[in-house]
Every structure is written in structure tokens, then in C-alpha cells.
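Please model the complete structure; the sequences and the hints are all you need to start from.
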Amino acid sequence: MKTVVDNLRREAARLLAGDEVKMVIGYAAGTDAARTTPCFATTPEQAALLTWGPLCANNLVKYLLDYRFEDTRLAVVVKGCDSRAVNRLLQDLQFPRQRLVVLGVPCGGQLDRASILSEIPPGARLQDIEDTGEDLVLVTDKGRLSFPKDRFLMDKCYRCETNMPVVADFLAGEPVPSPAREGFEHTAEVDGMEALDIADKSSFWDNEFSRCLRCTACRNACPACSCKECVFEQAVPGWQQSGIIGSKVNSLPENAVFHLIRMFHVTGRCVDCGECERVCPVGIPLRLLYRKVLKDARILYGAGTPGMSTETVSPLSEFRPDDPEEFM
Amino acid sequence: MPRIGVFVCWCGSNIGGVIDCPKLAADAGELPGVVLSTEYKYMCSEPGQNSIIQAIRDHRLDRVVVASCSPRLHEETFRKTLARAGLNPYLFEMANIREHCTWVHNKEPEKAQVKSLALVSRAVAKANLLEPLFPSSIPMTKRCLVIGGGIAGIQAALDVADAGHEVILVEKEPTIGGNMVKLDKTFPTLDCSACISTPKMVSVSTHPNITLYTYSEVAGVDGYIGNFEVTIRRKASYVDHSECTGCGDCQTKCPTKVPSEFNLGLSTRKAIYIPFPQAVPNKPVIDAANCRYFTTGKCKVCQKICTTEAIDYEQQDTVITEKVGAIVVATGYQLFDWAAAYGEYGYGRYPDVVTGMHFERLVNAAGPTGGKIQRPSDQSEPKTVVFIKCVGSRDPAKGKEYCSRACCMYTAKHAHQVLEKIPGANVYIFYIDVRTPGKGYEEFYQRTISDGAVYVRGRVSKIYQMGDKLVVRGSDTLLGRPVEVEADMVVLASAMVSSSGIQDVARMVSVQVDKDGWLQEAHPKLRPVETHTGGVFVAGSCQGPKDIPDTVAQASAAAAKVCGLLSREELATDPMISTVNQAICTGCGLCVPACPYQAVELKTITERIPGHAPRERTVADVNSGLCQGCGACNVACRPGAMQVKGFTNDELVAEVDAICL
Chain A
544 MKTVVDNLRR EAARLLAGDE VKMVIGYAAG TDAARTTPCF ATTPEQAALL
594 TWGPLCANNL VKYLLDYRFE DTRLAVVVKG CDSRAVNRLL QDLQFPRQRL
644 VVLGVPCGGQ LDRASILSEI PPGARLQDIE DTGEDLVLVT DKGRLSFPKD
694 RFLMDKCYRC ETNMPVVADF LAGEPVPSPA REGFEHTAEV DGMEALDIAD
744 KSSFWDNEFS RCLRCTACRN ACPACSCKEC VFEQAVPGWQ QSGIIGSKVN
794 SLPENAVFHL IRMFHVTGRC VDCGECERVC PVGIPLRLLY RKVLKDARIL
844 YGAGTPGMST ETVSPLSEFR PDDPEEFM
Chain B
1171 MPRIGVFVCW CGSNIGGVID CPKLAADAGE LPGVVLSTEY KYMCSEPGQN
1221 SIIQAIRDHR LDRVVVASCS PRLHEETFRK TLARAGLNPY LFEMANIREH
1271 CTWVHNKEPE KAQVKSLALV SRAVAKANLL EPLFPSSIPM TKRCLVIGGG
1321 IAGIQAALDV ADAGHEVILV EKEPTIGGNM VKLDKTFPTL DCSACISTPK
1371 MVSVSTHPNI TLYTYSEVAG VDGYIGNFEV TIRRKASYVD HSECTGCGDC
1421 QTKCPTKVPS EFNLGLSTRK AIYIPFPQAV PNKPVIDAAN CRYFTTGKCK
1471 VCQKICTTEA IDYEQQDTVI TEKVGAIVVA TGYQLFDWAA AYGEYGYGRY
1521 PDVVTGMHFE RLVNAAGPTG GKIQRPSDQS EPKTVVFIKC VGSRDPAKGK
1571 EYCSRACCMY TAKHAHQVLE KIPGANVYIF YIDVRTPGKG YEEFYQRTIS
1621 DGAVYVRGRV SKIYQMGDKL VVRGSDTLLG RPVEVEADMV VLASAMVSSS
1671 GIQDVARMVS VQVDKDGWLQ EAHPKLRPVE THTGGVFVAG SCQGPKDIPD
1721 TVAQASAAAA KVCGLLSREE LATDPMISTV NQAICTGCGL CVPACPYQAV
1771 ELKTITERIP GHAPRERTVA DVNSGLCQGC GACNVACRPG AMQVKGFTND
1821 ELVAEVDAIC L
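Going down the list, the protein sequences come from chains A and B.
So in the numbering used here, spot 202 of the first sequence is number 745, and the numbers just go up one at a time.
So in the numbering used here, spot 191 of the second sequence is number 1361, and the numbers just go up one at a time.
Bear in mind the hints are in silico, worked out from the structure with no lab data behind them.
Just so it is clear, the structure is predicted and the values come from calculations on it, not from any experiment.
Do not take every clue at face value.
[Unchecked claim] Only pairs whose alpha carbons sit at most 27 Å apart, straight line, appear in this in silico DSSO-like list of lysine-lysine:
#	chain 1	residue 1	chain 2	residue 2
1	B	K1815	A	K771
2	A	K771	B	K1773
3	A	K545	A	K565
[What the hints assert, rightly or not] Some chain A residues well away from chain B (every beta-carbon gap over 12 Å; in silico):
#	residue
4	R557
5	R640
6	M707
7	G735
8	M736
9	D749
10	A760
11	G811
12	D839
Heads up, the beta-carbon is just placed ideally off N, CA and C, and yes, glycines get one too.
Below is the structure:
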């Protein structure tokens, strides 16, 4: 892990010093022992702040969208799952490849912040992280805290599809074993949800959506959400409405409508990075929703997880004159 | 606040006989935005339309809803009514309470009453959000491209040219004439095909308004209705046709013989050749693949013999572009490859099992046998001839599901010709049904029966060679017993299929191909020669199997449509097309591949934002000449930047709400 961090800092400093990029987006030490924070290094000195480890859950690719209309060159640090989002943004023409340097890091799995937080003494400061193979050990000023990997990783890591970046200009370390576990089949949790009868399914989701605050953190963290102006924010003031019937599009839709429309809008774009669920302040199992459409796209169209390459076309974004149109 | 007028039509008893129209009008009067709701026996009639105009004036209506029949029937009628009253014609919405309600629910009038109100509510909800739309105009290039020089293309080209417009006729073969000029006599009048088609071919070549490009192919079509830009690739013929006099000496002296395509391999031609004596243009081309000079580097006999020095071995393919306003596709048909599909008929191994087209060449006075019916194997005169119909047609298992339409008649004609030319001949015709819908067709069929043709209802299960005879084994399903005929020759009425290049042509002109491979017309009954792409028309058998009378009729119909188009100075475009809200367009480009008409492209705009330097951004852009308003881009667009005018998201959601909530 230490060599990876060294390599990353050296490469970032080199890119910044040579003016090859204006900014390197990576991770830096966080405010508590259980997290890192996104870091936007613009000078070679700031490159020394960069870090990497099992506390780097954020998908930094989303930040590229903040700079998409500028002409500066950027570098971004990506894990395997995040790298799919890079491909998706390239496919959607949201960021030109020539303005992007992808710094890949090998990922052995990310710790689930919610699970480890209760084990960490208040005020503990992180000094180092050790990987014993079975466990990840957080070395803090209040003692060594050991977290077995088979219990404390994020759920998405046990279902990891690629722990090495699918796209990278620079790789900061040698490949490491994937954190994927047996028994976490790609669709197992979705199968369980589908098995519910309609009434149970409806009440399950109604219950989940009823907690939604409409903070739109899921959307703001989502690398698939690249719209310049979200459909949910295109409210038309009364004096502009040409009619007296306020339609659903103009008014703020119900929570279920928000989530279901979002679900369809990210179909073929969702790279299953799990950021939506991680950032949700009320713990709505959003990945389950999006994994359902991932599974459907897989079964109906043979579509793989979006972003695995820039060649594959999203099933809902393709138009073929020889489409069998079986549904018509 | 919109002021909506609702006009409920009784349509005589079609609607008024099922639901209570005055009650519907009264209920509709309560809907939001409605200031007038009334009913009348026939809204589309002159008094009906006048009452709408009067109501618009009296009640200051600014939106009109008519609840009557399908918009397909009268939307245009009522739009014109609005225009006459001085209202924008697109401030109109129609509720279809006839086809969608009273016709299908005439046994349950109470429910029909509820449903008709729901349909009117939908229309009123949309009417509340309607906005005036304005057509724009595009200039018209008064020239027409015809693709394919068979009888359909010839007829269309001549009709358009006679109306005074320039025509460019492109044919991939060295001569025009297509399939028709290969035929002998044509049913039911038995006039000679060449006698009626070659004069037309000559008219094409001499017509001052027609530019003929033979041995050429359309390589690309850009642009849109009124403004197409067509790329045509002229294949090298290695003969300078401006020098050549068509004397034919080169053809006589050429040492290389290859099977003649025109005679379907029943005779040979030379490597430098004119396909047949009446070809237009009557100038030779060199088949480089078989030419001795091109394959071995030695020969040049044709160059030595040519007195006008027209032979040019250095000639290259040339590419030319032409601007046209309309395109007629007339690429015709070819015969189904029966040999690949019908093992029981010998996979093409038996030389005396031929197709109807081979038979046409054998019986043709200008054909390889001089019109004497001979077996290809030994040139003997067949005494017993078996005809098998529906080979590849009406056979979804091996061939096509459809009926090829012309085979019943040409088989009857073939049978008649065998019985006429070979005294004492026996003719057996295996058929599934005999279909003779056409003027004089049934009479011709009955005449063939009285000539002595034996019609056997049933399919043939096997043909095999025994000595110099072909044993044809089938069944007579009317008598319910197997039949076996020892034949000298078997003629297969093989199915018509669309020409091999149809997919490429269809893609270039953005016309859909149906499940059977034919070009898709815009409407099977009401728009039979139009396509869904504006300015592109279909003529002849590229749209479906046809005989000559139907082909010529359709070609003239397409020509009439082209003339209608070319008679205008400029074109009003349908305003109900896609529009991009570039402020929210993300430039993801998903709409570009989603557009079946290549109407959307990405362009770079410079955006000015207060406090920032101007920045460049990519956004989608709709070409109003190409867009047909189908809405495919609309559903592909996730930010909702793409909207079809007249079908905006707001309007559609308001309609759904009105019906469902």
C-alpha cells in the first residue's frame, strides 16, 4: 500500500510540475480515522497530500463534470469500479479523453464506514493501515484496530467485478487479489426482491422511499447523472405555464416517481459504483434498485455492466434498423 | 387563460347512435378551460365547419377540440377550418370517439359514454397547453433521381420528364430494360414484351429531360426532401461511349466467351459485349473480370478493330454528384434462389429443371433458341412439360410467406405457349390455388384449361432423373392420391424477392425494409407510393411483388407525386418536428444514432455566461428538412432537451393525467 501511495504522489508531482495537468483529483487524509477526503492538488507540493487505502470509497470521477466545459487537463485517481464511470463519461461525450489522465490504483476492497465507525474510539487519529491478508489493521494513536476483511468490507466489494481499473494511463501498483466473495452472486439480492409478491414489493419500496428527504445526494454523487440541468429541476414558474393544469413534470413529483424515473435514466449508464447508496443519509437501498435494471438489461439485451469498455453500447441508447421489435 | 371550444360530432348514427352526444357536450363544458361545448350531426360538413368558425368569432375561442373520428381522416380538414377563422391551425386537438370508442363499444353504450368523456378530457387537457406552430420553408431543387432502369424506372422517368422536369436515371446494368425486356409475350393479351418496352427504352435515351447513367450505381444520398445530393459511381466500361458508334465489330472479334447474364446462362456472350441487340444505350462494355487483356495482359483485339478508337483500357470508375429534389426507388425484383432451398427439386443439378425466366428466354423469338422450346440438356423438344407454382412463395418453411402474384398468370401463359408451339404436348401444372384477379386474367386462365393444360392441385414432393426423363412425384389433393409424371422438362414458378442491393439502397435513402425484404410504403392503402422519408417514393416491385400493369400504374403514380412536389417553388415543412433546448442539452449525442432519418447532428456553440469568458460546448441540432417528427430522439434524451413540437412532454403528461387521474 505504501509503494502505491509513493508512486501516486511521485506521478502526481511529475504531472503537476511539468504542467501536464492543472489539477490532480485524488484522496487525502480525512477528518477522522475512518475516512479520507477528496483532494484537489494543483501544485507539486500538494501532491504529497495524496493517499490511498481501504478508506477511499468516494468515486472521484463525478468531479470531472465540474470541469467539463473548461479547457484544462486533469488527472483523476480511480479504483476498478470508478474506472467504469470514466468510460461512461467518455462515451457520453461529457469529457474529452485528451484532457484526461487516468491514474489507476489496485483495490483490494474498501472498508464499510458505517460498520467500522462504532469500533473506533472517539478522537482516534489514524497513523497507518496494515494489510495482513485476512485483516485490515487501522493503526491509531488509541491502539490497533483489526477488521477482518470478510466482515467489514463494503457490500459492493464482495460483488466486485473488476478490482483493477478498466482504463488507466498510469497504474500505481501491482495487481492485488479481488475482494469478491463466493455466495455473493451478481444477482442474488435482486432475486430475493423479485421473489416478493407485488403487494410486498410495493410496501417494501414505499417504506424505503417514505424516508427519502429529496436531498438529491444520490444524484449529485452519481457519475451517470451528467445532465446539465436535471429533469427534476426544470420547474416552470406559473406565469410561464401555458396551461392551467400543472403537469407532473412541472410540479415536484412524489418520491417514488423521483426514484423510478432516476432508475430509468441511469439504465445503461449506471456503472454500479454504489455511491448513491453510500451517500444516502437515510439508508435507502438504492443499489438494489439499480442492480435490478442492470440484471434486466443483462437478461433482456445481454448487456454487461456499463463502462467495462468504450465499445459496448448501452441497450437503451442503441437504434438498429434490424431491431426485431418483439415487444410490438 | 385559454378559451377552448369543444365540438362533439354525431357522425350521423356512428357516434350519435351509441352515446348521448348532447350529454357528452354538456359534461365536456365543465372541463377546465372550456368556454363553449356544443354538438352537431356532421361537424366535417360545410355547415358544421362554418359553425366552428362562427363560434371562434362569437366566443373568442383560441383553442378548438373536435370530438369525432380519427385525426387521420379529418385533422387536416379542421386545421384548415381554424386557419379560415384566422386561428393558428395547430391550436387544434382531436378526440377520436368513433374508431376508438363508439365503433368498438357499440354494444355497451353506458361505458362508451364514460370513455368518450375521458377521451375528450384528454384532448382538452392537451389543448390547454397547445402552442401556435409555424411551418418553415425549404427551397426545392426541381430535378428527380430514378434508381433502377426497369419498366418501373423507365415509366416514372418518362412521366416526370414529360411534365417538364429534369430526370436522372441510374441503372447498374449496361442497359436499361430490367426484367421486362427479357420476357417473351405478356399476359393476358400476349403482346410481345420487347415490342412494347424497347420503344420506351429508346424514348428514355432520346428524351431531352432525361440524363441516363447506365453501368452506374448510387453510392450515397445526402440531404433531404427538395435538397438531396446524390453521389453516383459510374463503373469503368473501358469504351468511350462518346466515340463508339455501336457497330459491334469488337464484339464479333473478341476471343473470350462467357455465359450470358441476359440469357441466364442459356447462351454465351463475349468479354466486350452489348447485352442484347436492342440494348439502350447500344454501346458495348468490357467485362474486365473475363477480358483476356485485363487477365493476361495480352490481346487488345477490340482496340485494334475499333475504327473510332473508342476502346480505352485506362478508363477508371468516376464519381459524380447530382442535386435532386425527389427520388424514385425502382430497384425491382430478382428470382428466389430455389436451388439453395429445394433439395427435393434437385438443388439445381438437373439441367432441365428451369425457372419461369429461363422459359421466357427459351420461348422468346430473340432468345438463344430463336423461340423454339428446347430442353437445355440436349436441345430436344419436350413433349411433356410440368409447371410447379409457388416455389418459394407461400412457403414459410423454405421460402417466403407471401404470394408472388404474377406466377399464376405467367404459368398459364407458359402452358398456353407450350400447347401452341408443340403439337401434341402434355402440360401439367401443380398448384396450391389459382389466383387471377385482373382484367382479362380469369378468361386467360380458362382459355389455357380449354387448350388442354392439366391443373393438379398439390405440391410436388420430389423430382428425380430417370434416363432422360424427369420423374415428378406429387399429390393430387382434390382426388387424394399420389401423382407421378414422367416429364421432359420442369418449369418452376419461383418466388419474386427484392433485388440483392436493396438493403444498401434502403439505408442510403432512409427507407425501412419490411420483414420480407421489400421497401416499406408510408401507408398500404392511402400512401402507397410515398415512404416515411419525405421526397422518396417507391415504384414497382421493389415495394412488393407485382405484374407489369401494376408496376406501370405504380410508377406513374410515383411520377405524379414527384411532379406535385417539383411543381412547387419551395416546401412548407411540417412544424411538428423535434426541437432542441440547447440550454439544457448535455451534448451526450445519444439522439444522433437514435434518429432513423439522420436528422440530428452535433454542433459546437459558443455560450456566454455572465461573469465567465465565452465557452464552447457541443449540443444537438435538428435539421428541419430531414426530421419527420417521429420522437425517437425525444425518448433517448434524458435531460428532456429534445421535444417534438405539438407533442411536448408537458402535453403528453397532461393527457395521461387527464385520462388516468
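query: Of the hints stated earlier, which fail here?
result: 11
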